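*Asks:* Could you build the full structure based on these sequences and the hints that come with them?
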Amino acid sequence: MDDQNKNLILASVLSFVVIIVWFVLFPPPEPIQTEEQNIEQTQAQNLPAQDIQENVTLPSDLSDNKDVPSIDIETDRVVGSISLEGGRIDNLSLKDYRVALDETAEIVTLLKPSTIPHRILCCIWLGSISRTRF
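The opening position of the sequence shown corresponds to residue 1 in the working numbering, with each subsequent residue numbered one higher.
Do not take every clue at face value.
[As the list claims (entries may be wrong)] Computed spacing ranges between beta-carbons, pair by pair:
(1) Asp96 - Ile19: 57 to 65 Å
(2) Gln41 - Ile19: 55 to 63 Å
(3) Phe16 - Tyr97: 56 to 64 Å
(4) Leu10 - Ile32: 50 to 58 Å
It should be emphasised that the hints constitute simulated quantities derived from the structure, not laboratory data. The structure presented is a predicted model; accordingly, all values stated were derived computationally and were not measured. C-beta atoms are modelled at their ideal positions from N, C-alpha and C, and glycine is treated no differently.
*Replies:* This is the structure we're talking about:
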């Protein structure tokens, strides 16, 4: 065996021994869990789910049903519209997908217009200095 190989193997073995001895003599401290932490974890697991409020009132600027001009979008796979007030996509449906397996079922609607009662909106906040009104 070559002297260089012996030195390399010896250095590797000694380094490994030093690391093992270090962890034996100076083990990392184990985290101590107090009774308060145990009680908090148990209480957090036993919390009841909050009731969902059924009747939510919208702010006045969202609840009025005024006619807002919009630009219609229609492609091979998507149909919808973009509202000219705020640049919001307020209507979006997928042509290739249906809500049921039947061919006569209605197409999947992702976003519904803001003028209908049970609407689905997508709002994006641009920051605190934005003047865009949603």
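*Asks:* For each hint, tell me whether it holds in the structure or not.
*Replies:* These are the hints, each one checked on the structure:
1. Asp96 - Ile19: 57 to 65 Å: holds (59 Å)
2. Gln41 - Ile19: 55 to 63 Å: Violated, at about 35 Å.
3. Phe16 - Tyr97: 56 to 64 Å: This hint holds: roughly 59 Å between Cβ atoms.
4. Leu10 - Ile32: 50 to 58 Å: For Leu10 and Ile32 the Cβ distance comes to about 41 Å; the hint is violated.
When held up to the earlier numbered hints, the structure conflicts with 2 and 4 and fits the remainder.
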